[in-house]
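Protein chains in written order, with our numbering: chain A, 1 to 174; chain B, 175 to 348; chain C, 349 to 592.
The set of hints was computed from the structure by calculation and includes no laboratory data. It is possible that some hints are incorrect.
Footprint (simulated), chain C over chain B, 3 or more residues, beta carbon under 8 angstroms [claimed, not checked]:
(1) 286-293
(2) 329-338
To give a feel for the contact side, a few chain B residues facing chain A, derived at Cβ under 10 angstroms [what the hints assert, rightly or not]:
(3) 182
(4) 184
(5) 186
(6) 188
(7) 199
(8) 204
(9) 225
(10) 243
(11) 252
Once the Cα atoms are required to be at most 20 angstroms apart in a straight line, the calculated SDA-like pairs of lysine to any residue come out as [unchecked claim]:
(12) C:496 with A:167
(13) A:117 with C:557
(14) A:7 with C:470
(15) B:178 with B:205
Model, not experiment: these values are computed from the prediction. For each residue, glycine too, the CB sits at the ideal point set by N, CA and C.
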Amino acid sequence: MDIKEIKSVIESLLFVAGDAVSCKELSSVLNIDESTIKKIINQMIDYYNDEGRGIQIIEVNNSFQFCTRPEHYEYIERLVKPNTRQGLSQAALETLSIIAYKQPITKAQIEAIRGVKSDSSIARLAEKELIFEAGRQDGPGRPMIFCTTDNFLKLFGLKSISELPPLKELSEEQ
Amino acid sequence: MDIKEIKSVIESLLFVAGDAVSCKELSSVLNIDESTIKKIINQMIDYYNDEGRGIQIIEVNNSFQFCTRPEHYEYIERLVKPNTRQGLSQAALETLSIIAYKQPITKAQIEAIRGVKSDSSIARLAEKELIFEAGRQDGPGRPMIFCTTDNFLKLFGLKSISELPPLKELSEEQ
Amino acid sequence: MPINVKLQAFEGPLDLLLHLIEKAEVDIYDIPIAEITDQYLDYIHMMKQLDLEVASEFLLMAATLLEIKSKMLLPKPKKENNQEEEIDPREELIQKLIEYKKYKEFSTLLKEKLIVYEKVFYKLPEPIESYLTDYTSLSGVTVDMLTKCFQSILSKNSKEKRSNVREIYRDTFTIEDRIISITHLLAAKPAFYFDDLFEGRKSRHEIIVTFMAILELIKQKTIIIEQEKNFDRILIRRNISFSI
Numbered sequence: 001m002d003i004k005e006i007k008s009v010i011e012s013l014l015f016v017a018g019d020a021v022s023c024k025e026l027s028s029v030l031n032i033d034e035s036t037i038k039k040i041i042n043q044m045i046d047y048y049n050d051e052g053r054g055i056q057i058i059e060v061n062n063s064f065q066f067c068t069r070p071e072h073y074e075y076i077e078r079l080v081k082p083n084t085r086q087g088l089s090q091a092a093l094e095t096l097s098i099i100a101y102k103q104p105i106t107k108a109q110i111e112a113i114r115g116v117k118s119d120s121s122i123a124r125l126a127e128k129e130l131i132f133e134a135g136r137q138d139g140p141g142r143p144m145i146f147c148t149t150d151n152f153l154k155l156f157g158l159k160s161i162s163e164l165p166p167l168k169e170l171s172e173e174q
Numbered sequence: 175m176d177i178k179e180i181k182s183v184i185e186s187l188l189f190v191a192g193d194a195v196s197c198k199e200l201s202s203v204l205n206i207d208e209s210t211i212k213k214i215i216n217q218m219i220d221y222y223n224d225e226g227r228g229i230q231i232i233e234v235n236n237s238f239q240f241c242t243r244p245e246h247y248e249y250i251e252r253l254v255k256p257n258t259r260q261g262l263s264q265a266a267l268e269t270l271s272i273i274a275y276k277q278p279i280t281k282a283q284i285e286a287i288r289g290v291k292s293d294s295s296i297a298r299l300a301e302k303e304l305i306f307e308a309g310r311q312d313g314p315g316r317p318m319i320f321c322t323t324d325n326f327l328k329l330f331g332l333k334s335i336s337e338l339p340p341l342k343e344l345s346e347e348q
Numbered sequence: 349m350p351i352n353v354k355l356q357a358f359e360g361p362l363d364l365l366l367h368l369i370e371k372a373e374v375d376i377y378d379i380p381i382a383e384i385t386d387q388y389l390d391y392i393h394m395m396k397q398l399d400l401e402v403a404s405e406f407l408l409m410a411a412t413l414l415e416i417k418s419k420m421l422l423p424k425p426k427k428e429n430n431q432e433e434e435i436d437p438r439e440e441l442i443q444k445l446i447e448y449k450k451y452k453e454f455s456t457l458l459k460e461k462l463i464v465y466e467k468v469f470y471k472l473p474e475p476i477e478s479y480l481t482d483y484t485s486l487s488g489v490t491v492d493m494l495t496k497c498f499q500s501i502l503s504k505n506s507k508e509k510r511s512n513v514r515e516i517y518r519d520t521f522t523i524e525d526r527i528i529s530i531t532h533l534l535a536a537k538p539a540f541y542f543d544d545l546f547e548g549r550k551s552r553h554e555i556i557v558t559f560m561a562i563l564e565l566i567k568q569k570t571i572i573i574e575q576e577k578n579f580d581r582i583l584i585r586r587n588i589s590f591s592i
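Make a model of the complete structure from these sequences and hints.
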């Protein structure tokens with residue numbers, strides 16, 4: 001097996017493994033001593049770097065692994081995002097859970113519970129029609145109050161808000 | 175972005191995705207028109223092949239995906255768990271051949287050509303995700319109709335159904 | 349018994365017939381029906397003798413062959429209806445055989461391709477969490493998650509209340525300092541849990557500063573954070589593509 005072919009095989013092995021592959025494993029699969037393997041991989045690492053390839057080989061504890069280049073992060077994010085375009089951030093989920101259990105509730109009340117500003121989560125939930133502005137609370141400033149929508153019920157497979165599972169120890173908390 | 179960088183980004187994207195990525199997705203992520211993307215990928219495909227790289231890019235229904243070369247499978251099998259590969263029986267292959275050319279097709283139509291019951295072949299092909307139930311045919315009994323999947327194309331190294339070789343004497347017969 | 353194997357290898361009556369025709373080296377368009385029928389019946393007979401179950405399709409074909417054979421033995425009708433074209437009784441069977449033969453031949457081609465392409469390996473998609481820090485798929489969201497989420501907020505709040513955070517701390521912690529100490533920690537071990545950073549600490553200020561330091565390190569891509577699912581412990585990992 002010539003060096004080009006060895007490189008080719010190593011490439012396919014690293015590709016399939018996904019995880020890091022140790023020098024020892026490569027050595028036993030290819031039946032080539034570890035120091036030679038290491039020399040060849042170092043050539044490969046240089047080659048990938050010099051050519052500015054989209055994937056690179058990194059070394060971790062004498063094991064080798066393919067990974068992408070940080071420079072391409074932006075594009076990768078654009079590619080993977082569409083799959084989760086419908087996604088809810090952790091922040092939005094927290095906000096939604098508070099609204100679901102505490103409705104009707106004002107923004108200030110939500111923020112008091114979460115301990116952080118929640119404007120963008122609220123906007124996002126409203127945009128996704130999971131919550132809606134159910135009017136204004138009497139009192140100073142007449143703040144907007146929020147409730148969950150029918151769409152929310154549908155998404156979570158609930159017939160009504162009363163079907164939300166009871167909270168454990170809730171009595172202790174309130 | 176120069177062409178080298180575009181190739182580098184495409185490489186990262188295909189690597190991260192694992193699955194096939196459509197020309198359209200690549201086009202929108204990179205903000206480059208589809209025909210240019212396609213041209214560039216074709217260059218990349220040639221490059222991978224000419225250089226005898228360990229990985230190659232395959233085309234399936236206008237989507238692209240990285241995979242290893244069949245030549246290296248022996249080494250790969252040594253590294254990863256032995257593949258539980260169960261070939262396809264002659265019956266299943268015949269059934270698949272008929273579906274490939276005649277899709278969409280019903281079970282009765284398949285059986286008329288083969289001259290034997292084909293339930294078990296059909297079940298096996300569906301289980302292996304080589305065919306899928308594409309709906310029901312209008313008409314008496316509204317029988318289920320079957321089509322081949324992208325997985326079928328991949329497993330048989332075809333870019334698309336239109337790439338199926340013409341059947342001998344087909345023109346003569348029809 | 350070799351004959352047994354051979355008999356079982358036929359996919360159906362058409363397959364068997366094609367085999368007989370090929371063996372006899374005759375033109376498929378001009379099958380010597382008497383001869384082929386006899387051979388076909390011999391096979392069926394052998395199958396029965398070997399106690400093999402003969403599928404009904406084989407028997408049906410035997411009947412069809414016999415019917416064709418007898419039709420062909422009948423004297424040709426006198427040309428009373430001259431306008432009607434004489435139909436070869438074999439015609440329908442021939443068409444079926446030719447149709448079947450095409451797919452059978454294609455299936456061998458498929459098999460050849462399969463032998464090559466089933467040796468190809470694909471890789472799994474990379475975990476997208478490492479590319480997206482704050483995304484949870486809406487499709488995966490369940491009521492249970494919602495409840496747990498709310499519960500954890502409540503319990504977090506109640507713990508805070510119990511700890512009576514009314515003291516005032518001096519601004520002893522800066523983000524820069526914290527980044528340095530986390531970096532030192534990472535130099536010592538490649539990964540640790542997020543909550544490890546807060547062990548034994550009560551100061552809200554320090555928690556915030558630590559958290560901001562973490563955010564900064566993520567932004568710099570010095571570290572990678574991982575969480576299997578919501579509310580799991582968050583793992584902070586050295587980003588291996590960056591040396592510290």
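We went through each hint and held it up to the structure:
Against chain C, the region 286-293 of chain B contributes 5 residues with a C-beta closer than 8 angstroms to a partner C-beta. That satisfies the three-residue criterion, and the hint holds. Residues of the region 329-338 of chain B lying with their CB closer than 8 angstroms to a CB of chain C number 4, which satisfies the three-residue condition for coverage. The beta carbon of residue 182 (chain B) is positioned within 10 angstroms of a beta carbon in chain A (closest approach about 4 angstroms), and the interface hint is therefore held. Interface restraint check for residue 184 (chain B): the shortest CB-CB distance to chain A comes to about 7 angstroms, inside 10 angstroms, so the restraint holds.
Evaluation of the residue 186 (chain B) hint against chain A yields a held restraint, the C-beta minimum of about 4 angstroms falling below 10 angstroms. Because the smallest distance between the Cβ of residue 188 (chain B) and any Cβ of chain A comes to about 8 angstroms, under 10 angstroms, the interface hint for this residue holds. Using the Cβ-Cβ criterion of 10 angstroms, the hint placing residue 199 (chain B) at the interface with chain A is satisfied: the shortest such distance is roughly 6 angstroms. At a threshold of 10 angstroms, the smallest CB-CB gap from residue 204 (chain B) to chain A is about 7 angstroms, leaving the interface hint in force.
The interface hint given for residue 225 (chain B) holds, since its Cβ lies 8 angstroms from the closest Cβ of chain A, which is under the 10 angstroms cut-off. The interface hint given for residue 243 (chain B) is met, as the beta carbon of that residue sits about 6 angstroms from the closest beta carbon of chain A, less than 10 angstroms. For residue 252 (chain B), the shortest C-beta to C-beta distance to chain A is roughly 5 angstroms, which falls under 10 angstroms, so the interface hint holds. Restraint check for residue 496 (chain C) and residue 167 (chain A): satisfied, since their Cα atoms lie roughly 8 angstroms apart, inside the 20 angstroms limit.
Under the criterion of a C-alpha separation no larger than 20 angstroms, the hint pairing residue 117 (chain A) with residue 557 (chain C) is consistent with the structure, at around 17 angstroms. This hinted pair checks out: residue 7 (chain A) and residue 470 (chain C) have alpha carbons roughly 18 angstroms apart, not beyond 20 angstroms. Restraint check: the Cα-Cα separation between residue 178 (chain B) and residue 205 (chain B) comes to about 16 angstroms, which is no more than 20 angstroms; the hinted pair holds.
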